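For this one, chain S is given, so just place chain W on it according to the hints.
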Amino acid sequence: DTEVTQTPKHLVMGMTNKKSLKCEQHMGHRAMYWYKQKAKKPPELMFVYSYEKLSINESVPSRFSPECPNSSLLNLHLHALQPEDSALYLCASSQGLRGKGNIQYFGAGTRLSVL
Amino acid sequence: KNQVEQSPQSLIILEGKNCTLQCNYTVSPFSNLRWYKQDTGRGPVSLTIMTFSENTKSNGRYTATLDADTKQSSLHITASQLSDSASYICVVATTSGTYKYIFGTGTRLKVLA
Numbered sequence: 001d002t003e004v005t006q007t008p009k010h011l012v013m014g015m016t017n018k019k020s021l022k023c024e025q026h027m028g029h030r031a032m033y034w035y036k037q038k039a040k041k042p043p044e045l046m047f048v049y050s051y052e053k054l055s056i057n058e059s060v061p062s063r064f065s066p067e068c069p070n071s072s073l074l075n076l077h078l079h080a081l082q083p084e085d086s087a088l089y090l091c092a093s094s095q096g097l098r099g100k101g102n103i104q105y106f107g108a109g110t111r112l113s114v115l
Numbered sequence: 001k002n003q004v005e006q007s008p009q010s011l012i013i014l015e016g017k018n019c020t021l022q023c024n025y026t027v028s029p030f031s032n033l034r035w036y037k038q039d040t041g042r043g044p045v046s047l048t049i050m051t052f053s054e055n056t057k058s059n060g061r062y063t064a065t066l067d068a069d070t071k072q073s074s075l076h077i078t079a080s081q082l083s084d085s086a087s088y089i090c091v092v093a094t095t096s097g098t099y100k101y102i103f104g105t106g107t108r109l110k111v112l113a
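For the protein sequence lines, the chains are S and W, in the order given. Numbered according to our numbering, the first sequence spans residues 1 to 115. Numbered according to our numbering, the second sequence spans residues 1 to 113.
Just to be clear, a hint being listed does not mean it is correct.
Unchecked claim - List time: in silico DSS-like cross-link candidates among lysine-lysine, alpha-carbon distance up to 30 Å:
{"no.": "1", "chain 1": "S", "residue 1": "Lys-41", "chain 2": "W", "residue 2": "Lys-100"}
{"no.": "2", "chain 1": "W", "residue 1": "Lys-17", "chain 2": "S", "residue 2": "Lys-41"}
{"no.": "3", "chain 1": "W", "residue 1": "Lys-100", "chain 2": "W", "residue 2": "Lys-1"}
{"no.": "4", "chain 1": "S", "residue 1": "Lys-53", "chain 2": "W", "residue 2": "Lys-1"}
{"no.": "5", "chain 1": "W", "residue 1": "Lys-37", "chain 2": "S", "residue 2": "Lys-9"}
{"no.": "6", "chain 1": "S", "residue 1": "Lys-41", "chain 2": "S", "residue 2": "Lys-22"}
{"no.": "7", "chain 1": "S", "residue 1": "Lys-38", "chain 2": "S", "residue 2": "Lys-19"}
{"no.": "8", "chain 1": "W", "residue 1": "Lys-1", "chain 2": "S", "residue 2": "Lys-41"}
{"no.": "9", "chain 1": "S", "residue 1": "Lys-9", "chain 2": "S", "residue 2": "Lys-40"}
{"no.": "10", "chain 1": "W", "residue 1": "Lys-1", "chain 2": "W", "residue 2": "Lys-57"}
{"no.": "11", "chain 1": "W", "residue 1": "Lys-71", "chain 2": "S", "residue 2": "Lys-40"}
{"no.": "12", "chain 1": "W", "residue 1": "Lys-57", "chain 2": "W", "residue 2": "Lys-100"}
{"no.": "13", "chain 1": "S", "residue 1": "Lys-40", "chain 2": "W", "residue 2": "Lys-100"}
What the hints assert, rightly or not - Label-pair ranges, simulated between beta-carbon atoms:
{"no.": "14", "chain 1": "W", "residue 1": "Ser-7", "chain 2": "S", "residue 2": "Asn-17", "range": "36 to 46 Å"}
{"no.": "15", "chain 1": "W", "residue 1": "Arg-61", "chain 2": "S", "residue 2": "Ser-62", "range": "42 to 52 Å"}
{"no.": "16", "chain 1": "S", "residue 1": "Met-15", "chain 2": "W", "residue 2": "Ala-68", "range": "42 to 52 Å"}
{"no.": "17", "chain 1": "W", "residue 1": "Glu-15", "chain 2": "S", "residue 2": "Pro-83", "range": "35 to 45 Å"}
Rather than coming from a laboratory, the hints here were simulated on the basis of the structure. Just so you know, these numbers come straight off a predicted model, no measurement behind them. All C-beta atoms in this analysis are idealised placements derived from N, C-alpha and C, irrespective of residue type, glycine included.
Next comes chain S alone, as it looks inside the complex (with noise of 0.2 Å):
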């Protein structure tokens, strides 16, 4: 199984909502990862969490906060969105951090519309 599960699929909130976005593995991987992505553009890191702790924040507001309750689990809290923050959520795991081998595998996203 080289599945990355993503839940919702579509999300659409209000500015003063609160919402969570999943993410799930079962790969046995310590890395895993949230990206943010416009519109024909490239991911952008947010979140990098190893061995269940947050090891890279990239300055993200923190309207978003992430949390890591083991190691097959990822969540993205949202509350008090912008529109600007409308896009392609992405999470991604690997078997480690560094190195070749560890390969990322993505899932196919949540597309967030904040309204």
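The following block gives chain W in isolation, referenced to the frame of chain S:
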């Protein structure tokens, strides 16, 4: 500044034809270079990964080359199929500070029947 540039930005070819996509990078220190295929609305899927010492890597009809001296890579697609229509993203991994992936802006390929 670590950058990955891809060309062309977009490309349209006829089914059955070959094409070559380019990637130039100024990333240092270099760890490895990856090519991904991303279908519209989907996550990227890894095609090839190459380290400094590897000049070429194939995955079916996809062949990637790497010239670490000139900091250039190419992705050659042979006998294109309609299903090859996608964005192709070049990603360079660096060990500068924390381990990071630098994404290129991608080439959007459209294969026509």
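Exercise for review: Go ahead and decide if the range 42 to 52 Å is satisfied by the Cβ distance of S:Met-15 to W:Ala-68.
Suggested key: For W:Ala-68 against S:Met-15, whose Cβ atoms are near 47 Å apart, the range 42 to 52 Å holds.
**Study point:** Straight-line alpha-carbon gap S:Lys-40 to W:Lys-100, limit 30 Å
**Key:** holds, 21 Å
Practice item. Verify the proposed pairing of S:Lys-41 with S:Lys-22, using a straight-line Cα cut of 30 Å. Key: holds, 23 Å
Point to revise | Satisfaction of hint between S:Lys-41 and W:Lys-17, Cα-Cα up to 30 Å | key: Distance ~26 Å between W:Lys-17 and S:Lys-41 Cα, so the pair holds.
Review point. So the hint says 36 to 46 Å: do the beta-carbon atoms of W:Ser-7 and S:Asn-17 match that?
Key: This hint holds: roughly 41 Å between Cβ atoms.
**Study point:** Beta-carbon spacing of W:Arg-61 to S:Ser-62 - inside the hinted bounds 42 to 52 Å or not
**Key:** About 45 Å separates the Cβ atoms of W:Arg-61 and S:Ser-62, which means 42 to 52 Å holds.
Review point. Does the alpha-carbon distance linking W:Lys-1 and W:Lys-57 stay inside the 30 Å limit?
Key: holds, 27 Å
Practice item. Sort out whether W:Lys-1 lies within 30 Å of W:Lys-100, counting only the CA atoms. Key: holds, 13 Å
Practice item. Please work out if W:Lys-1 and S:Lys-41 have their alpha carbons no farther apart than 30 Å. Key: Given pair W:Lys-1, S:Lys-41 holds - Cα atoms ~19 Å apart, limit 30 Å.
Review point. Regarding the pair S:Lys-53 and W:Lys-1, is the alpha-carbon distance no greater than 30 Å?
Key: Holds: S:Lys-53 and W:Lys-1 sit about 28 Å apart, inside 30 Å.
Check your understanding: Taking 30 Å as the top limit, are the C-alpha atoms of S:Lys-9 and S:Lys-40 close enough?
Key -> The given pair, whose Cα atoms are some 19 Å apart, holds under the 30 Å limit.
Review point. Does S:Lys-38 pair with S:Lys-19 here, judged by a C-alpha cut-off of 30 Å?
Key: holds, 19 Å
In summary, this structure violates none of the numbered hints.
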